[in-house]
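Spelled out from the first residue to the last, the chains are:
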Amino acid sequence: MTSTGSHVAKASADEQTTPRTSLRTLLVEDNALDAALVVRALNKDGFEVAGDVVQDEKAFRRSLRASPPEIVLADYNLPTWKGMEALKVLRAEGLDIPLILVSGALGDVTAVECIRQGATDYVLKDGLARLPEVVRRALREKHERSLRLRAEQDLAAKAEELARSNADLEQFAYVASHDLQEPLRMVAAYTQLLAERYRGKLDENADKFIGYASEGAQRMQVLIQDLLAFSRVGRKEGTLVSIDCNAVMDGVRQTLSSSIQESGAVIHYANLPSVWADRTQVAQVFQNLMGNAIKFRGKEPPVISVQAQKEGQQWLFSVADNGIGIAPEYAENIFVVFHRLHARTEYPGNGIGLAICKKIVERYGGKIWVESLGCGGSTFKFTMPLRSSDASSGTREETGQ
Amino acid sequence: MKSTHELLIVDDNPADIALAREALTVCAYRGQINSAVDGAEALAFLLRRGNYASAPKPDLVLLDLNLPKRDGLSVLTAMKANPDLRRIPVVIFSTSQLLQDIDRSYELGANCYISKPGNLTDFFSMMRSIEEFWFGSVTLPPRGE
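Chains as they are written, first to last, in the working numbering: chain X, 1 to 401; chain W, 1 to 145.
Worth flagging that the hints you see were computed from the coordinates, not collected in a lab.
As the structure is a prediction and not an experimental result, all values here were calculated from the model.
Glycine included, every Cβ here is placed at the ideal spot set by N, Cα and C.
A couple of the hints might just be wrong.
Computed beta-carbon distance windows for the label pairs [claimed, not checked]:
no.	chain 1	residue 1	chain 2	residue 2	range
1	X	T345	W	K57	51 to 61 Å
2	W	K80	X	E182	20 to 30 Å
3	W	E107	X	L240	35 to 45 Å
4	W	R21	X	E182	17 to 27 Å
5	X	A163	W	A40	38 to 48 Å
6	X	V222	W	S129	18 to 28 Å
7	X	V241	W	F133	36 to 46 Å
8	X	W369	W	Q97	27 to 37 Å
9	X	V336	W	R143	51 to 61 Å
10	X	S388	W	Q97	28 to 38 Å
11	X	E182	W	A40	45 to 55 Å
12	W	P141	X	G200	39 to 49 Å
13	W	A28	X	A163	31 to 41 Å
14	X	Y347	W	S129	43 to 53 Å
Construct the entire structure; sequences and hints are all you get.
Next up, the structure:
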């Protein structure tokens, strides 16, 4: 036998009774008879085997390059080489080709060690009947492995693409809203100036038209400010500090004091936890939720209750009100930027508050949602991760982390 | 003694300069209003170069930050480094609300930083405040011409 190896004969016609699967093999075997037995065992069980038989590294590498096999069947001991060396070559070439040891008596310890090192399986030469099944399983596993790998790569690529497009969008929103402000300021200022200087000096229609233009420009200014605020949530490199939510609520109550007084709102909160976050952003979440609870009140003065409880590795906050509630079909839409459920004349606003809350909460790995009884008030819930000190002082003290 | 004040407004937007003129007219400002539309022109005016050889020395500069050629901070730096110009009060008048812009302006010696209001009423009342403060309450440095 030359070092280029011999070629395995095709199966004879009488063996082709079952559907044949063609199989490119690379046999690492010094004994021609053993090689023939291996091929015969596979051909008998539905394979149509083709491929080289080699017995040293040089020939192995050459065959690998010339016609990469689907599977390598290697004898453990060869005169000048070892079957396990073939595995190292496959590794070094970065090839995911299963290698099955086909060997004479191999001690259990050696066999286990070979599999630990990466051989797919091993079959004894006097148990070759097992070989077809072992080969089938190896091919199946490899197929599954490549599917999984491709799925993982696809997922990673999609995630990266999504992150990039999100970042682009945020950058776009920021630049657009920032650069739009300048010309818009001029439109707003000059239409307002026209309205003031020329009111009653043109005709009635002119006054009306100028009024529309002026109001439109001013509303757009507010929208752009909101959009800018929204896009800043993602841009801001906030400093994370431990924040006492009770203190945050004290501040929110101060900020909203005039609307609280006006509406006669009663606000309950006590024993709120501290969270690890950016102070302004946490305050913004509470302020937007409180502001909404007051704005969308029913006939009764608002009663708002803010609570928190530990759930697993996070705090579950709830802000419950007795306001007009939200129909369940809108429960998700309300968190979409600029989405509004009411005419501006009914309730003022641009539909930015909850979108900002969602963006902030998600930034810290939390979730926000609403539970509503339709007309009997709403409960907004959101989660924030525990500070690591809270996580250890709670239910799992023994971990000490 | 000269009685009319000289104001220099540096802004790349002619509509903004016109708006400032309107506002100053409304609040009965009696001085001169000069203007420059970029940083280079502002410095030419201040240093009396080229076409500005006979330009008056401003009593106050209203300086936008975002300017073509040389931006506002660069004009401010040049002014504060020049012994003849460093006494002229500079009011930064910009739409930017970035903390770094505000901080940088004061660091470079701006006399105050005012955010340009977006709304006409606020803009007019802001211009009135500037006029009343700088040309009413404040004793400006002697011209020394």
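Which of the numbered hints above does this structure break? Result: hints 3, 11, 13 and 14 break, sorted rising.
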